[in-house]
Amino acid sequence: MLGHTGVMIRDGGPLDAVGGVTPRWVAQPESVEEIAVVMGACADGGLAVTPAGGRTKLGWAAPPERVDVLLDLSSMHDVLEHVAGDLVVRVQAGIPVTRLAEVLAKAGQALALDVPFPDATIGGTLAAPSPGPRAFRYGNARDLLIGVTVVLADGTIARAGGKVVKNVAGYDLGKLFTGSYGTLGVIAEATFRLHPIPADRRWLSFECEGWEDAGDLLRSQLEPSAVEIDHPAEGLSTVAALFEGPAAEQRALAARELFEGGDVHTEAPAWWGQPPGSPLHSLRCRVAPSVPDGISVRGSLATGVYLASGSTDLDAWRSALPDHARLVGLSGDLTGDRWGPIPSLPLMRRVKERFDPERRMSPGRLAGGL
Amino acid sequence: MTVFDRLDALFPPDRVITDPVRLRTYECDGLTYHRATPMVVVLPETTEEIAAVVRVCAEFGVPFVARGSGTGLSGGALPRSDGVLIVTSRMRRILSIDLDQRRAVVEPGVTNLAITEAVRDRGYYYAPDPSSQQICSIGGNVAENSGGAHCLKYGFTVNHVLALEIVTPEGEIIEISEDDFGYDLLGAFVGSEGTLGIATKITVRLMRAPESVTTLLAAFQTIEAGGQAVSAIIGAGIMPAAIEMMDALAIEAAEAAVACGYPAAAGAVLIVELDGPSSEVEAQLAEVIAICVGTGSFEQRVAASADERAKIWKGRKSAFAAVGRISPAYIVQDGVVPRTSLGEVLAGIDALQDEFGIRVANVFHAGDGNLHPLVLFDDTAPGEGERAEIVSGRILDLCILHGGSITGEHGVGVDKARYMPRMFTDDDLDTMQLLRCAFDPGGRSNPGKVFPTPRLCGEVPRVHKGSPGEIF
Amino acid sequence: MDPELIKDCVHCGFCLPTCPTYVLWGEEMDSPRGRIHLMAQYNEGAEMTPEMAGHFDACLGCMACVTACPSGVQYDKLIEHTRPVVEREHARTPRDRAVRALVFALFPYPRRLRLIKPFTRLNRRLAPFLDRVHPTLGALAELTPPRSRSRPLPPLVRARGPLRARVGLLTGCVQGAFFPDVNRATARVLALEGCDVVIPPGQGCCGALSLHSGYDAHRFARRTIETFEKAGVDTVVVNAAGCGSSMKDYADVLADDPGWQRRAECLKVRDLAEFLVELGPVAVRHPLPVTVAYHDACHLAHAQGVRSQPRELLDQIPELKVREIAESAICCGSAGTYNLFQPQPARELGERKAGRVEDTGADLLVSANPGCTMQITAAMRRMGRPVMPVAHTAQVLDASLRGLGAVR
Ligand SMILES: Cc1cc2nc3c(=O)[nH]c(=O)nc-3n(C[C@H](O)[C@H](O)[C@H](O)COP(=O)(O)OP(=O)(O)OC[C@H]3O[C@@H](n4cnc5c(N)ncnc54)[C@H](O)[C@@H]3O)c2cc1C
Ligand code: SF4
Ligand code: SF4
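Chains as they are written, first to last, in the working numbering: chain A, -12 to 357; chain Y, 4 to 475; chain C, 2 to 409.
Check each hint, because a few of them may be wrong.
[Stated by the list, open to error] Straight-line Cα separation of at most 20 Å, EDC-like style, residue types lysine to aspartate or glutamate; simulated pairs:
1) Y:Lys314 x Y:Asp382
2) C:Lys78 x C:Asp3
3) C:Lys8 x Y:Glu387
4) C:Lys8 x Y:Glu389
These are calculated hints, taken from the structure and not from any lab test.
Okay, chain A solo, but in the shape it has when bound (with noise of 0.2 Å):
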């Protein structure tokens, strides 16, 4: 217990490890005033803190230089507020989205992210976000948060956005915070925009030998939700796409007719959303990858980002990508540079040098050591 505060601590063990580092204390803070305190707490004592929720992607990325506290946020569960008619809900960032996905589904309304981490919370998902099929359609985790609650190094508790889907006062802390992997702060509460639940859907899937057979699909306006390929590191690609609505029969028949072949089915492919294993790599490039022998790949063929895996130096792959590709090693061991080039990186470092000026944020965990 940490004093008065009340706040849950307990020591830290090999189970709680980020990237193999193991914490001395793990806290479990219930509200995000307990987390206030605690991060108060420890930027008296110099303590460097690692957010986590689910734990899915503790192993993401590089590992941090130190780990004191784990801040545990899984007893931050709730759904603070869910407005039906505005289609937005308020939740507290260690509620796990499947859970999430129950209460809204109840309402007929869903949060638009494919999240494959049955254990996911909003808040891992939104410091480490993984690409999702729908994302073609309905954007990313940036783009669904409206509202964000952060708790910064020193206690602080900020807010920026609101609860209302249009909204541009003020700096948009939210999109900032994702994408961090905790180094910036506390991501405690978060607000989203949702979608209603479509009345129908159909996936067509065909197998197909390259990468450019969805193009006629993408121009065309049969207004797929998601273009999805699984290339597996041998045999033949599955591409997929996916039609919502009252006419995604329709729609998916229509495109199927595109193709001169395909299967057209209610249920999501198996693969569908699914990381294709370990060690796991993102990879974003806008047209078709040359891929290495033994790598499969899998995503969005819409947005040109992917998930692979496999072993391979990464620096050779990379090297054989055209310029504008992005090769990053997510998790599992790896050869070459986990990062590749990160144009952005001096602005990433001042913003880091400013939110978290003492390094005790996750130090390390992301490119460049921030």
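Chain A is fixed; fit chains Y and C with the ligands onto it per the hints.
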């Protein structure tokens, strides 16, 4: 050496403006209430020129303000009398268009509409469509995170910008992109109102034009009935491309300006646009019409042709400027409320009209609760301007009270900086300013905007290397 | 510069993208919004400096901003009030003054214009030399069209078939001198559509050139009204866009004299296309297998709001295809005397327009203003491009009504 000498050396004479009469034409943007004559105006044509000017500013400790087309409605481009105004209106080249990758790279002075016009023939378009789209610059859109009628379905500028080249307030040229692994600097820069630097190249997403677009004009006796229709449409799980509403006074103005021919007796009109594959649109249109009728709409018109569609939209798109025809002066307000509070807030605005004897015309993006009350007044009548100003402020209070925002798309600028503390705590604002300090430690990029009080950034604090204490 | 009219401007900027000078230079002071701001500054006591005058002089008076403005700002009135102030308060250089005097001594007088015509071939060769003496002289020489036979029109052309209307026809100075064929075609079309066409001899300039440049136009206006009153017509059909727009303004020009103002209000002025659409077609349209690019003359499209009518008339002609020109709202740079006084921007605009016209791939460029077609073909010639044949809307209709199978 003065700033002037340095600028003269950088630019040919016709691109540095120092003549006082000329300078004054830049004294305000679309919000004419705030005015300041810039010390000097420059008209750069390249990123390098902008970087050079910004470095001169850094060298002399002089503030600078970026300006696109000067249509901003929050005084964001209000110049500094001790600063340089950097105008992008000569940087209006579309640098590349790649339809296979559905993106275009443009200079900041390119107008919003020019992008769509460049690709329309080939079946693509740029989605965010502010009413000012024929003239507002894409750089200004980025700075303001501009929205438009069709943002209900497609999102705002921030959802359609894929990468930026920026000149930082220190004068470096840096690329920020959605592809960068780490902090979403792109998302933070969009909507920063010119306070984090100047966008010099913008990569935007192009969208495939929908197969079918249908526009419905539904007339209601009262604005409340219209509001109910909006809620019912959203509640039915339909996501129209746009839902716009205008009240009787706004209709009167639009009629006077562009003879849009909306139903005469209407207390409110709703414009609902559905787009997408024909099969979806047809299914949804029937449902939307049924909902409108069910909530009391007495007339529905479905635009049968592109011309008819344009005509329906013309009334809406010209509504702001058209109010000039029915009132000598007016304030365009921009506030947001949760959709479910629309009715209450509109009633509140009604009460304000009665209390202060000031007319308010309402035009709004009903789908996302973004209100644009137009507060009408006669600037020659003593005291009316002040009363209008009060009403305008009270409307924002109403928005905040209902959990909304003081601006949905026009930005904070200089105009609403003083309202920021009503929406945010000091800690919130200080934290936002940490970002500002990271980009602009010298506070030279568009100072005095967005934040009521600037934060002194000071040196970057030194890294604290103390050993962790035993506190638990 | 009426402060009330200035106040109508809400500074929204919607007019900027259609303003030719803003399109060229991207500067606030050379935009409608900026010019209105300058007018406000003048009213507040700012001096008419050479800089300020320069921005007013650079305005083409194309009135695209009037069409674009959703707030109904009457920029046409504003600039008309401003021009005389510029003339009064801005000291031009002696060379500029001499050249302006020459133009105003020449253009409003059809007879004087006809006198210089025989030299026009020579003029074109002299253009480079004249350009060096004064850019305006170069522009003047470049623009003078080739000579054409001029036979005077009869004072009355009788309607074919049942009489439907009786109208006067304004022959115009530039039109009458350089493009007599257009007037002849106009008279024939009107007659074929059942109109008695009265063409009062000795009609002079309608005052357009002076009005658009800040010179006194009262005299021209009064004389023109008188001429048509004497001819006993209450509708005057005008085929030159610039003339039509200024004649429609007579009541304003003569506002300080109520008697004359009333007389002006009694005279109905119609553009040819506007008149023909109101009248409705009766004559048979014969096919014309040609693709035309229709150019909106500013003084027709913006000043008179006549945009759909000429297109409608062209569309009625079997086998004729109409192509739209990109940026159709932007002026070609001709604008009355503009290409004479501001030759550099006028040239740039001309070339921009010529490019857009070429892009249409049309066989024939059609417009209702001789100034525009002169300007655009001059630009094509200067750019070393094949010069597209040009015709007035009246000539195309004439060819169709008479079943010629081709224009001219
Ligand atoms: C009639 C009317 C209707 C409008 N309708 C809408 C609407 O529907 N939706 C909407 O969102 N807005 C609307 N607006 C507001 C305005 O058009 C937008 O805010 C627009 O984005 C401003 O663009 P601009 O080029 O005029 O920018 P400016 O007014 O010149 O500048 C706006 C801000 O952007 C900054 N800036 C400009 N260029 C850059 C750059 N390259 N890099 C960094 N900062 C820059 C400036 O410093 C300033 O803070 C409307 C305005 C008017 C007058
Ligand atoms: S009349 Fe033409 S040139 Fe003059 S300000 Fe208006 S649009 Fe510009
Ligand atoms: S469009 Fe009209 S109101 Fe707007 S700036 Fe131009 S003249 Fe002024």
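### Query
What hint numbers does the structure not satisfy?
1
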